[in-house]
Amino acid sequence: MDHFLHLLSSGLARGAVFAVFALALVLIWRAARIVNFAQGAMAAATTYLAFAVTTATGSYWLGLGAAVLGGAALGFAVERGVMRHVAGRSPLNSVIVALGVVMVLQAVLGIAFGNDYKPMAVPFSMEPLWVAGTPLLSPYDLYVLGAVAVLLVGFGLLFTRTSVGLRMRAAAFAPETSRLLGVPVSRMLTLGWTLSAAVGALAAVLVIPTELGLNPHATDTLFVYAFTVAIVGGLDSPVGAALGGLAVGVLLSMVTGYLGSTLAPIAVLALLVVVLIARPSGIFSARQARQA
Amino acid sequence: MSADVPLHARRPRWRPGPAMRRLGLTVAGLALAIGATFALEPYRAYQVAVVAAYLCATAGLTLLVGRGGQLSLGHAALMAAGAYGFGLSSNALSAGGAAGAVRLVVPLAVGVLAAAALGALLGAAGARLRGPYLAGLTLAVVVAVPAITSTFSKALGGDRGLWIEIERRPDALRPWVGAEQWQAWVAIVAAALVLLVLGNLASGSAGRQIAAVRDDEAAARLAGIDVTRVKVVSFTLSAAAAGLGGAVLAYVTQIANPGAYSLVFSLFLVVAVVIGGLGSLAGAFWGALLLVALPEATSSIAETLPVSPALAQRLEGNLALLVFGLLLIVLMIAAPRGIHGALARARGALRRRWRARGPAPAPAPVPESAAARAPTTG
Amino acid sequence: MTAPTAAPGSGRSGGGRTGGGQPLLDVAGLTAGYGASPVLRDVTLQVPPGDIVAVVGANGAGKTTLLRALSGLVRPTAGTALLDGQDLLAAPVEHRVRAGLAHVPEGHGVIVELTVDENLRLGGLWRASGRDLRAAVDEVYALFEPLARRAASPGHQLSGGERQMLAVGRALVARPRLLLLDEPSLGLAPRVVADIMTMLRRLCDERGLTILLVEQNVRSALSVADHGVVLHLGQVVATRPARSLLHDDALRHAYLGF
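First to last, the sequence lines map onto chains A, B and C.
Position 126, counted from 1, in the first sequence is what the numbering used here calls 126; the numbers after and before it change by one each time, with no gaps.
Position 28, counted from 1, in the second sequence is what the numbering used here calls 1028; the numbers after and before it change by one each time, with no gaps.
Position 85, counted from 1, in the third sequence is what the numbering used here calls 2085; the numbers after and before it change by one each time, with no gaps.
What the hints contain is simulated information worked out from the structure, not anything from laboratory work.
Values in this document were obtained by computation on a predicted structure and should not be read as measured data.
Each residue gets a CB set at the ideal place from its N, CA and C atoms; glycine is no exception.
A few of these clues could be false.
[Unchecked claim] Sample of chain A residues facing chain C (criterion: CB under 8 Å; computed from the structure):
1) ARG167
2) PHE173
3) THR177
4) LEU181
With the rest of the complex left out, here is chain A (with noise of 0.2 Å):
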């Protein structure tokens, strides 16, 4: 039981991760309608960023905004310069330019940093804590799980308080008639996948350290099971990846705690498939939006 409580919770704080970076795959869905494959490229790379300023500077927040800084600016380049070009051809054609974006850039990070694993410092203990004599979540657990909070009530306010929220909510939802109303459209979708990719660098940051460990093809995985957590949830829901992040990310933990972390691609795999098949327009999703 004990085991079982430390797993719940450490799969919580987990999940809360896979959900950010599931979100970072809604804000470009809705901004764009397509899948942003290179999502977790462009989170190592930042990642690999974080942590050349963190051994340059040993502070470990410097790196944090320095990935966080980098992501916004590496979203920015990818649109402008990359999938601009493709746009309103076929989804595919974004797809496989994505996967170029992912070629080009752990080819760069294997070239600069090679293919060895690095280690990456946190700023709080891993260990758990222990509470009535069960181990619940670590202090990291906790700084992730604030992280994700301030990050969610951040991106609300954003998107329901603000004019820039309202404009950017506007041009995914009907872009033809906002740009009828003066907002400029292909502004937002830039600004749409600069907020992705930072928001995806602050979740690469936050989950690499713990089990991923840091290498340029690290992220494969987590752009697995963020796809996973997106699919679960539904593609267009913040609320659904929200919930959609923790359920996988429990699921990931109870299998890695009872069967072996070598197991846990598998059982994203499984998760994957019944969902695809059961209910392909995910659990929360209000619009059939992937059915062919």
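Starting from the known structure of chain A, fit chains B and C onto it as the hints suggest.
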């Protein structure tokens, strides 16, 4: 020919039908390739074998993506299924004392079936999905390959891989044909078989149905096409071809290991078919060739660069990835139809110019054949 | 749907019905289309300030394309359009609303995922001043009382007539000089259509708003319009005072199908 074409226009000649032409071309190519192996040193023969093995996979993938509009990022996993299927059955037969052609043909068939089974499963799961979702599913599959081989490491050999007992070249040929050359022959025959089967399928009614489903599913359904069946069947066939490629690769390298069938390799396969031209079998050949030639080129470049050995090693592993990625981005933006598409366009333009100058009254420009029209999937 | 409450006129009351003076919208030789074949051919028309001009014609005549060409969703291949003397076509789509042009697209274009208030605010976000925006939105609430009551409802909860009202209200938030309306009567009951037309006439009379109205429902449109323009296969075949158009049987039979 229609009655209103003037008599002095082309006289009708007997022209073999497309199926016969394809068979003839394949047999000729086969003979040429087999003959050529006599002139190759062993390492080159090995490379020819690898190209042929890759060709099985790229042929299947290019038709699946180009004609069918289904993007698979998991073809490396399908090749892995073929490789492990081959390996396990070859080892089992060897342990059972079998020898001869059986020990070669049966494991190859098992590899094909294993991959086809996995392909059918994925195809069924993905049949109701739009492109990016299927891509994500296949991505999840290929990412899970190392996990699967680790979990069942006793049977599958884990990270190190599975060593395979293979059937070597027949004793009768030993004096004249080298080991690598024989392997190349096996690979070339496999590739020829794949090209023949897929080529016939693609140009027949099956190919038309696949294209119809890709272009407009609702319309295809109204026209009476069983959309799900078409999608599942095309994925399965593509998987079978990839499985044969993996099985052949396992035969040639005598090992099946997860490292060779990674996500990166799946992406390489995608690059190969995009560069060659989506939907084009000839393009699949160019792509497979590039998959072997480019890493070799970048390796030698990396070796000659005046950099530290540590950096050289990092370049060694990643330069090919970088070049492929850049090529993919540039091509998707600028020339989505790939090399073959560009060639077809040039050929079409030349043909029109020649016709306009010819003696006979210029007939209407020949519409590009379906093979040349590599659909950008959009 | 209740008739809009009359607001004290802001701006000019009554329009230049005699049509004298500089037209607010001056379109000359406009040609536009999708792909190879032009949908609009050499369209020339003027809209006097403070008037309602109804554009009518059979399906496919190019009415919607005309509005889309004016608002920039379709790029014309030839011709000019001047809004109060300024070149309208030079500005990108997002900037035309600043020039005083508001386009209510076919099917009203209400963003159903957003609330009524959010839709309205969207109409004027391009304004620098938040206070101006608030004032403009409040004005629309005063004009359209049902919208005020449902300010926090999401768009998908509104009826067809309410959505059309919202779409027009949203356009008004921009305080436009020229309002382009594409088939506001589409899918609405006759009673509701009559209310809308009355509202448009009021907006024109009491606020000096100039309206270019594309309509399938010829009678309703011509009954409130000052002028009528008949489009047929992308060309202007008649430009007349609305009343005369309404009573010209031959013309109506030929181009309007009744």
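For a quick check of understanding: which of the numbered hints are violated here, in increasing order?
none
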